[in-house]
Structure formats: structure tokens, C-alpha cells
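Chemist: Residues per chain are reported as follows:
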Amino acid sequence: MRRLEICNITKQYKKKKILDNISCTFTEGINTLLGPNGAGKSTLMSIISTAASPTFGEVKLDGEEIISLGEKYREQMAMLFQHQPYFPSAKVNEFMRYNAELKGIPSKTIPELIEKALQRLGVGECGNMKMKELSGGMRQRIFIAQTIISDPAVIILDEPSAGLDIAERLELKGIIKELGRSALVIISTHIVSDIEDITDSLFIIEKGKLLWSGDTNDVPNSDISGFYLKMTKGEKTCYGAY
Amino acid sequence: MLWCILRSCLFRSIFAFVLIFMITFLYIYSGTQEELKFFNQQEKYISDKAPQDFFEQLKADEDTARTDFYDIHINHKGLDDGSGNNNTDSDNEEDIISILSGGNKTYSDAAILWVKLKEAEPGKYAATMGEDFDFMSFMMSAYTPYGTLSDFTDEHIAANEKMLKRTSTLDKDKIICTYELNLLKKINVSPSIVPPVSGVEYFLKRFNGDYIFTFFLVLLCCGMFAAHRRSGYINSIKTMKCGLKKFIVNQSFGHIILFTAGYCIYSLLYFLLMLPYLGDFSVLGCPVQVLPQMQFSVYPITVGKYMLILFGIKYLYFLTVTCLFGLISMLSPHDMVSLAVSGVVGIIPLIFSLTEAKGNFTEAVLGNVTSFIDRSDISVFFGTAIPIAAVMSAVYLAASAAFFLLTYICGIIQFRTVRGRSVSTVA
Numbered sequence: 207m208r209r210l211e212i213c214n215i216t217k218q219y220k221k222k223k224i225l226d227n228i229s230c231t232f233t234e235g236i237n238t239l240l241g242p243n244g245a246g247k248s249t250l251m252s253i254i255s256t257a258a259s260p261t262f263g264e265v266k267l268d269g270e271e272i273i274s275l276g277e278k279y280r281e282q283m284a285m286l287f288q289h290q291p292y293f294p295s296a297k298v299n300e301f302m303r304y305n306a307e308l309k310g311i312p313s314k315t316i317p318e319l320i321e322k323a324l325q326r327l328g329v330g331e332c333g334n335m336k337m338k339e340l341s342g343g344m345r346q347r348i349f350i351a352q353t354i355i356s357d358p359a360v361i362i363l364d365e366p367s368a369g370l371d372i373a374e375r376l377e378l379k380g381i382i383k384e385l386g387r388s389a390l391v392i393i394s395t396h397i398v399s400d401i402e403d404i405t406d407s408l409f410i411i412e413k414g415k416l417l418w419s420g421d422t423n424d425v426p427n428s429d430i431s432g433f434y435l436k437m438t439k440g441e442k443t444c445y446g447a448y
Numbered sequence: 013m014l015w016c017i018l019r020s021c022l023f024r025s026i027f028a029f030v031l032i033f034m035i036t037f038l039y040i041y042s043g044t045q046e047e048l049k050f051f052n053q054q055e056k057y058i059s060d061k062a063p064q065d066f067f068e069q070l071k072a073d074e075d076t077a078r079t080d081f082y083d084i085h086i087n088h089k090g091l092d093d094g095s096g097n098n099n100t101d102s103d104n105e106e107d108i109i110s111i112l113s114g115g116n117k118t119y120s121d122a123a124i125l126w127v128k129l130k131e132a133e134p135g136k137y138a139a140t141m142g143e144d145f146d147f148m149s150f151m152m153s154a155y156t157p158y159g160t161l162s163d164f165t166d167e168h169i170a171a172n173e174k175m176l177k178r179t180s181t182l183d184k185d186k187i188i189c190t191y192e193l194n195l196l197k198k199i200n201v202s203p204s205i206v207p208p209v210s211g212v213e214y215f216l217k218r219f220n221g222d223y224i225f226t227f228f229l230v231l232l233c234c235g236m237f238a239a240h241r242r243s244g245y246i247n248s249i250k251t252m253k254c255g256l257k258k259f260i261v262n263q264s265f266g267h268i269i270l271f272t273a274g275y276c277i278y279s280l281l282y283f284l285l286m287l288p289y290l291g292d293f294s295v296l297g298c299p300v301q302v303l304p305q306m307q308f309s310v311y312p313i314t315v316g317k318y319m320l321i322l323f324g325i326k327y328l329y330f331l332t333v334t335c336l337f338g339l340i341s342m343l344s345p346h347d348m349v350s351l352a353v354s355g356v357v358g359i360i361p362l363i364f365s366l367t368e369a370k371g372n373f374t375e376a377v378l379g380n381v382t383s384f385i386d387r388s389d390i391s392v393f394f395g396t397a398i399p400i401a402a403v404m405s406a407v408y409l410a411a412s413a414a415f416f417l418l419t420y421i422c423g424i425i426q427f428r429t430v431r432g433r434s435v436s437t438v439a
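Protein sequences, first through last, are from chains A and B. If you read the first sequence in my numbering, its first letter stands for residue 207, the second for the next number, and so on. If you read the second sequence in my numbering, its first letter stands for residue 13, the second for the next number, and so on.
Simulated from the structure, these hints should not be mistaken for laboratory data. Please read these numbers as outputs of a predicted model, since none were measured by experiment. It is possible that some hints are incorrect.
No more than 27 Å apart at the CA atoms, straight line, and that leaves these computed lysine-lysine pairs for DSSO-like [as the list claims (entries may be wrong)]:
#1 A/K338 to B/K174
#2 B/K217 to A/K278
#3 B/K258 to A/K336
#4 B/K257 to A/K314
#5 B/K317 to A/K266
#6 A/K278 to B/K317
#7 B/K258 to A/K297
#8 B/K326 to A/K322
#9 B/K326 to A/K297
Covered stretches of chain A, going by a simulated chain B footprint (3 or more residues, C-beta under 8 Å) [stated by the list, open to error]:
#10 260-268
#11 273-281
#12 288-298
#13 302-314
Even for Gly, the Cβ is constructed at its ideal location relative to N, Cα and C.
Produce the entire structure from the sequences given, and follow the hints as far as they go.
Modeler: Okay, structure coming up:
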């Protein structure tokens, strides 16, 4: 079983602490980072994905520090950013190929993998469409498809439901649930309904600090929403381990 | 991947290209007419020989010119044969003439030597020596198969005849005048072809002095890396296995492909725009020595090949500039910063030329690459064994490679993710 350990991560910009000594462990399945806007979720995701450097602390995959692992780590990991940049005039297939080449996938296998990934996300017919012609939901699926094209063991999704309507969110939930069966998925969100029913572990962050972490079974009455509200309003009286 | 990069930059490139080409169009057509009138009056007689035959003939004629010149001085001007026995004040001058006319130096080497000597010690050499040398130059161009300006021949003949008629003329001068007249009358005044060389000359001056294309590169390259940094795409790329390395290489090559395409189209359009002024196409097959700036060149190539060489060297020059702008884009936090810095850097050659030309803007724009290529002193430095074009190409290629390497290294250093300090350090 894959384990991603966050060990005493602190991120500081000048004197301001964005993340304050966070330690937790993500395991296979769906792990959710829940917290209000500005809590430090995206910064933590960036550090886990090696897009940003921590000021203190380290991240370990199966006991090995990820910066030392370098390409070996990046080969097993894929990240979807909250505001994923793309080439508007590029076709979906071209965009997918561009990212696949940057991921170091051998050229010969790329067309097959692109088709497979697009089919998996239910957008197989969009290959020849331009990125700018797609709806928000469709584009998000393409982004997820490019994230999973290399079949990564660690998938990091930063606010994947941003900009989607209710129907698209429901579809996305199904997709994430499926991904969680075979990989270690980390999702960050501030919308509880996006992860309710599907998340295995919950991590609540506020103002750069980890307020609570644990199994969703530890949440009383399975009311994640109410629990989250209590946690973020400072009513840290009761449940689980800090 | 490259295709994706090309597609993403295509609109920006087209916009920049159209803008720059419109400026070039205005640049070409402003002040063109007057220059053309001037050039059209200066038609030259040129050879229809193959370059190799021409080249052999050129060397033979150079020897003839040198022998005749030396002959005038030894037999008619009373100088010694260079043995050094006659230790008089004029010995120094005699030695200089020996250097200029004797030995195994090429004519262009001798010409440069003469200019350097004159500049090093102004006033040392008698004015008559300069006149003699001018006559030697004239004879040189008169003998060679690319012909001469018949007006000048007539002028020289007229001057000598006038001198002979003067009652006060000394016997010695009479001998020299008669001798020179004989030489002048040997000049072939019936050329086989009369194409307007001035058109090619004008084209090359314009083409090589054109810095406007640099600003296409400024617009093209400013966002090469800076735009990705601004949009945050660089973070996404960093998280991919070969992301950063492949991205820098592909982004650079993508822009080089676009610049190459732009340069080829630009040059072709330039050629088409200048076509009416090029004159007869047959001039492209003539030896390069027909062009005034290359008349003492030792390389047996045609005018067409010379134009292609200039095209190639200019390509390498712009390749260097592209790589430099790539580096600027890599170091800039925003594409607007990159645009500004590249713009300032791009205008430096123009300012430099302005200073060189002492404020004459047209002169500044016109004279650069051609004049640099024609720097015969550099040829002398390399002993004329290495064609200057090869030296320049090597320099530009080395500079391009260095800038590319710097961009790569700066990119890796700038965007790398480092380990956090261990927690025990905090404690």
C-alpha cells in the first residue's frame, strides 16, 4: 500500500506562515483536504507535487524523500492544478500529446494512451476539437484525462470541481471515486458535497494548520458538513485526533 | 509537442511579422528613388567569364598592374631597386613602395598596409606617393576583366595629354605621362555585357543594413518563457517527469523554427520588393569581384553565391539574437519586462551604427553586416586562408550555443524545487 507522508511541513513567505508545521499521512484511496479559501490547501498540494519548495520539513513517498527521488517520483505522480493552463488554439489530442511528452511517455504509446484516457473520462469523441471550443465541464474532464494518462500511483487534484455546474460535479464525483480504487488520490476542496460519500480520509485545514485528520468513519453521524462547520468555527471540542 | 508550441505562437508571430514587414516596406520605399538615380548613372562593364576563369584572370591582371606600377617607379621616377645601397632620405618611401608593389602580398593586403601606414604616421609620406598609389589602384581596376568606368579612363587620358602639351613640363614628367598614356590606352573599352551592378549593390546594402527584423524577434521571443511563468504553466510543467528539461528545449526549438520560417519569408518578400532594382538577373552569375565592395576578394564565387552567403550569415546573426532573447525571456518575470529589455538590447546595434556613422541615420541603417564582412583587415589577420564568412558563422554559432546553454542552465536553476530545511534546524 502506497503511503505519502507529510512531515512537519512549514511554508513561509517572508514572515508570513502559509503552512505551519503540518504532519499527516495519505494512504491509498481518496484523501480530502478540506478547508476554507486561503487555508493553505493549494500550497500544500504544490509542495506535494514538487511545484513548490517547503521552508521546513519534507514529504516522503513510501519512506523516501520526494525531492531526492526526483524523476522517479514525478513519474508516479500527476497533478491537476486549480487553474490549469492550456493552449486555447490547440486540439485536444495535441494538448494531450504535449503533456504526455513532458511526462516522458514513449512516443509510440502516446496515441493509444490518449485514446484510452479520453474514453475513460467519456470524452473519446473530443480528440479533434479545439480546447477553446469545449465547455468548462468537458475541459475539466480533458484535464483529468491528461492527469491520469501515465497511470500514476499518486493523483493530486486541486479544486477539481471549480467552475462546474451541479450535474458536472456529480459526474466528476463518479470519476474521482473510480480513480480512488487504484491510486492514492488527494483532493483539495472547500465544498463538502463534492467529496461526501466518496472520501476515505479527511484532513481539515485552516489558516495553515491541520485542525483534524482521520477516517471518515470517525466523523459523528457521518455528517461531514456539520462537522466541518464546527471545526472551522473553532468548536474543536470533540472528535477524532488532532 | 512542437506542433502545439507552433500553433500557440502562430497568431503572435503572424501579427509581429505583418507589423514588421509593413515597417520594412516603408523603409525600403522611403528615399529609394534618389539613390537609384545615382546608381543608375554608374553602370559598370562586367565580365561574362566563369568565376574560376575570372579569378585566374584577376590574379594575372593584378600581377600585370603591379609590375607596371613598379616599372614606372624604377624606370621613370628614379627610385632604386630596393637593394638599400642608396641611403638617402627617400629610402623609407622606396621601401614602402616596395612593400606595396612587390613581394607576394595581394593587392588588397597592400592597400590596407598603405592605409595603415598613412594613418599611423600622418604627414610622413609625400602626397605624391598617395597620388601614385591612387594611380596604381586605378590601373588595377582598369586592367581587371570586370572593367572600369570609361569616364575615369577618359579623365586620366585627358589629364595626361594636357600635361604633355604644357610647355613647362619637365622631360621626366613627359616620360611618365607618355608611359601612363600607353597603359591607359590598353584598357578594353568594349565590354561584353553591361548589367547594372548598382542594383545588386543597392539590394545588398539595404538587406544587410536592415535591423528591422530584430524587432520581429523581440515580439516573437518575449513570451518564450516569461508568459509561461506569468500564467503559472511552469508550475504544472515542473511536476511532470521530464517537464522542465523538455519544455526549455522544445520551446527554444519551436521559436527557432518560427523565426526561420519568418526569416525565409521576410527575405523572399524583400527580394521581391527589391526585384525592380536588381536589374538583369544575369548579374547573379557574374564573379563577385564585379561588386565594388568585393572587387579585391580572393574567393572565386558568383554574385548569387555571395548573396546566399550573406543570407546565411545574417540568418546565423539572427539565430544568435533569438537565443539571446530566449535567455532574456527566461530571466524576466513577465513578458512585458522581457519585451522591454529585448527591445532595448535589439536597438543597440542601431545606436552603435548611428554613432559609427556620426549621426547619419541612413548611413547607420545601411552599413553594418556588409561593411563587417568586407573588413579586409580581418581577412589579413587570418592570413586570407580562412574565408571571413566561415569565421563569422563559427562565431555566431558559438554565441547561439552559449546563449542556449545559459538559458537551459538558468531555467533549471530558477525553477528547481529544493528540499525544505530539516525541522531540527528550527529547533
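Chemist: Straight-line Cα separation of B/K326 and A/K297 no greater than 27 Å?
Modeler: At roughly 35 Å apart (the allowed maximum being 27 Å), A/K297 and B/K326 break the hint.
Chemist: Taking only the CA atoms, is the gap from B/K317 to A/K266 under or equal to 27 Å?
Modeler: Violated. B/K317 to A/K266 sits at ~63 Å, over the 27 Å cutoff.
Chemist: For the pair supplied as a hint, B/K257 and A/K314, confirm whether the alpha-carbon distance does not exceed 27 Å.
Modeler: Between B/K257 and A/K314 the Cα gap is close to 20 Å, so the pair holds against 27 Å.
Chemist: Establish whether the coverage given for the stretch 288-298 of chain A by chain B is satisfied; the threshold is a Cβ-Cβ distance below 8 Å, and no fewer than three residues must meet it.
Modeler: holds (count 6)
Chemist: Are B/K217 and A/K278 close enough, with their CA atoms no more than 27 Å apart?
Modeler: Violated, at roughly 56 Å.
Chemist: Count the residues of the stretch 273-281 of chain A with a beta-carbon closer than 8 Å to any beta-carbon of chain B: does the count reach three?
Modeler: Satisfied; 5 residues make the cut.
Chemist: Can the restraint linking B/K258 and A/K297 be considered satisfied, given a maximum Cα separation of 27 Å?
Modeler: holds (20 Å)
Chemist: Assess, step by step, whether the Cα of B/K326 is no farther than 27 Å from the Cα of A/K322, and give holds or violated.
Modeler: violated (47 Å)
Chemist: Are there three or more residues in the stretch 260-268 of chain A whose C-beta lies within less than 8 Å of some C-beta in chain B?
Modeler: holds (count 5)
Chemist: Would you check chain B against the stretch 302-314 of chain A, counting CB to CB pairs closer than 8 Å, and say if three or more residues qualify?
Modeler: holds (count 7)
Chemist: Check whether the Cα positions of B/K258 and A/K336 lie no farther apart than 27 Å.
Modeler: holds (24 Å)
Chemist: Starting from A/K278, check that the Cα of B/K317 is at most 27 Å away, please.
Modeler: violated (52 Å)
Hint compliance for this structure: hints 1, 2, 5, 6, 8 and 9 are not met, and every other hint is.
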